[in-house]
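Model the placement of chain R on the given structure of chain Z, informed by the hints.
Here's the letter readout for the chains.
Protein chains: 2
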Amino acid sequence: MNLVKELGEHKIIEIILRCLEPMPKMPVPFGDDVSAVDIGHGKLAVIKTDMLVGKTDVPPDMSLRQAARKAVVMNISDLAAKGVKPIALLASIGLPRSFTKTDVKQIGKGLNAGAREYSAYILGGDTNEASDLIINCTALGIIERERLMLRSGAKPGDIVATTGSFGKTVAGLKILLQHLSVSSKLRKTLVDAVLSPRARLKEGLALAQTGAITASIDSSDGLAWSLHEISKASNVGFLIDNLPVADEARKFAEKRGLDPVELCLYGGEEYELVVTVKPKLWEKAEKAASLIKIGLVTKERTLLVEEKGKRIPIEPRGWEHFKTN
Amino acid sequence: MNLVKELGEHKIIEIILRCLEPMPKMPVPFGDDVSAVDIGHGKLAVIKTDMLVGKTDVPPDMSLRQAARKAVVMNISDLAAKGVKPIALLASIGLPRSFTKTDVKQIGKGLNAGAREYSAYILGGDTNEASDLIINCTALGIIERERLMLRSGAKPGDIVATTGSFGKTVAGLKILLQHLSVSSKLRKTLVDAVLSPRARLKEGLALAQTGAITASIDSSDGLAWSLHEISKASNVGFLIDNLPVADEARKFAEKRGLDPVELCLYGGEEYELVVTVKPKLWEKAEKAASLIKIGLVTKERTLLVEEKGKRIPIEPRGWEHFKTN
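Just so you know, the protein sequences line up as chains Z and R, in that order.
The numbering used here numbers the first residue of the first sequence as 1 and each following residue consecutively.
The numbering used here numbers the first residue of the second sequence as 1 and each following residue consecutively.
With the rest of the complex left out, here is chain Z (with noise of 0.2 Å):
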């Protein structure tokens, strides 16, 4: 258990924070989806940073265009998960000496097509040599204290819900890694979960207006994940009654014999919100946006899913850097 491979990403991280001083009264604890600095006036300037590494997070028939592109989703999803809205970005480029011209003009459009796509503006960046193509995007965004929406206010008793379905990204992946081959229709469909993600903005800054919110998260390491986290940060547990397996990934899982329900929990890569709901204002919620209800909050801090009548648990699994391939 000594060299990084073996460590895993989140044992890694768990090793840097133990060397930081935390700052005295930070607003947002170390380990949520993102980070914020008081700026007075009841605001908080929030800020992410999320890295996409070619080797890793850059799967076969994915341009750079698209890769750019999904540097940028993947910060402006953590900030819309906590009902920020993203002003500005910076990206600090990474480029193997064997890149053409035209591969940084399709980085440049990407980058900006992702981030005006969610009106926000690339300010900035940087860029370097590196062995393998590095995008590392920093989001920028204001918001007001108390509406922000972090991954620790859960109470039993309130409702679980998704702002969509699950699986389409990791059947999309298997496509492409395994070259399986399946209807065209279906695969347009999972391929482009993987080429083209697309972050909740538009859901995430509603529900932040709602006040009905009690904790959210983005998906980016699964649904079983992101409930994990969840019931880490807010004490509570799960019970998942309906789990939101997307109609695309269950008709591939059954050609391809697989079994939905792991598709569905363990996938990662997504971008989906998860979030916990005051059962009072479950209605203003839905108004705000479109949500699967998919279960409630426990008292007690397990989390389970219940299918065709059995109580399983959920694993504390996912995405996971270094342990994965």
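Any given hint could be a false lead.
All copies of an identical chain are treated as equivalent in the list; a pair is satisfied when it fits inside any one copy or across any two copies.
Computed list of lysine to any residue pairs in SDA-like fashion (alpha-carbon distance at most 20 Å, straight line) [said to hold, decoys possible]:
id : residue 1 : residue 2
1  : LYS101    : SER131
2  : LYS299    : THR210
3  : LYS185    : ASP241
4  : LYS43     : GLU144
5  : LYS185    : LEU195
6  : LYS85     : PRO27
7  : LYS55     : PRO96
8  : LYS11     : GLN106
9  : LYS105    : GLY42
10 : LYS280    : ILE292
11 : LYS255    : ALA289
12 : LYS101    : LEU258
13 : LYS43     : LYS85
14 : LYS232    : GLU286
15 : LYS101    : ILE15
16 : LYS202    : LYS293
17 : LYS85     : ILE142
18 : LYS251    : GLN106
19 : LYS101    : GLU6
20 : LYS280    : ASP61
21 : LYS25     : SER119
22 : LYS25     : ILE142
23 : LYS25     : LYS85
24 : LYS55     : ARG97
25 : LYS251    : ILE142
26 : LYS293    : GLY54
Quick caveat, the hints were computed from the structure, so don't treat them as lab data.
Remember, predicted model here, so these are calculated numbers, not experimental data.
Same frame as chain Z, but now just chain R:
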């Protein structure tokens, strides 16, 4: 001219900038040391991102702790040049699979040390698997809009000054890369400049308060390059008649048969501030921070250095990724 290794960093940045839709009313134009967003009440949120790559930015003998500290200092130096106090930083880290737990700890400690030296905190980040060590830091600070020092305000007749002398870092780098032997005292000073660079934050903050500074930049790409950047942004020229060659760099140059002017102007990886000062407020500026007067801003857009009665052009070259090695 189609591969990035032939284009060079500055051309690559130009290509990317052409792809970006600029934010309306940007408080800081593209190409200055930092980016900024208006947060109301006459204030700006200032952000900067800069990537350290093991292969190109970490010389032999630099420990991981020092590398991580340097990744922080690089970013703080840019805020310092603008007069902005850093509050918080984010760190995105790419780690080769072969790194150990101890390596990770050293990186964590270096990040924390760099931030705390300048009273800032690391608030969060991201870890990834990468082929090479990557440490990308983003720094955030808040400043009153009218205090921000840009590259663009230098006027003919202004005094040009630096916060210190130049040439030590490039001399130290030569010692490390070419395994040169020099006296242990000289070696210590020169190598220290490489391994433990210092951002001129105290000086930058004090200078920003004087109202005396018309343009400011840090010198991470070298003194010559910094002067050319101010020249471009302010549409002025320079006559430098007092080159701030560090004593140790001069000694090193003598012993090695090198040109001290070359070491001073074209070194790079230095973190002194290069500023232009209103002549009437020179004393106020000098009281705020120890400054070396090195020359004058000229109307004619030529950059000249006067050495032993001869005027020679200052070339637009310095440290540039892809072009070096």
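* To do: Using 20 Å as the alpha carbon limit, work out where LYS255 and ALA289 are close: within a copy, between copies, both or neither.
  => neither (32 Å within a copy, 72 Å between copies)
* When no copy is named, should LYS25 and LYS85 be tagged within, between, both, or neither for a Cα gap of at most 20 Å? -> between (23 Å within a copy, 18 Å between copies)
* Pop the pair LYS25 and ILE142 into one bin, within, between, both or neither, using alpha-carbon distances up to 20 Å. => both (18 Å within a copy, 17 Å between copies)
* Within a copy, between copies, both or neither: where do LYS55 and ARG97 come within 20 Å Cα-Cα? -> both (16 Å within a copy, 12 Å between copies)
* Asked: How would you classify LYS43 and GLU144 at a CA-CA limit of 20 Å: within, between, both, or neither?
  -> both (4 Å within a copy, 16 Å between copies)
* To do: Have a look at LYS185 and ASP241 and pick one of within, between, both or neither, based on CA distance no larger than 20 Å.
  => neither (29 Å within a copy, 71 Å between copies)
* **20 Å Cα threshold - placement of GLU286 relative to LYS232** => neither (25 Å within a copy, 54 Å between copies)
* Asked: Taking 20 Å as the upper bound on the Cα-Cα distance, should LYS202 and LYS293 be classified as within, between, both, or neither?
  -> within (19 Å within a copy, 54 Å between copies)
* What label fits LYS11 with GLN106 when the C-alpha limit is 20 Å: within, between, both, or neither? -> Intra 35 Å, inter 15 Å, cutoff 20 Å: inter-copy only.
* Asked: How would you classify LYS293 and GLY54 at a CA-CA limit of 20 Å: within, between, both, or neither?
  -> Neither. Shortest intra-copy (36 Å) and inter-copy (47 Å) distances fail the 20 Å Cα cut-off.
* To do: Check LYS55 against PRO96 for me: Cα-Cα at most 20 Å, and say if that holds within a copy, between copies, both or neither.
  => Classified as both; 12 Å inside a copy, 12 Å across copies.
* **Alpha-carbon proximity between LYS105 and GLY42, which holds within one copy, between copies, both or neither at 20 Å** => So LYS105 and GLY42 fail the 20 Å test inside a copy (40 Å) and across (36 Å) alike.
In summary, the structure is inconsistent with hints 2, 3, 9, 11, 12, 14, 18, 20, 25 and 26 from the numbered list given earlier, while agreeing with the others.
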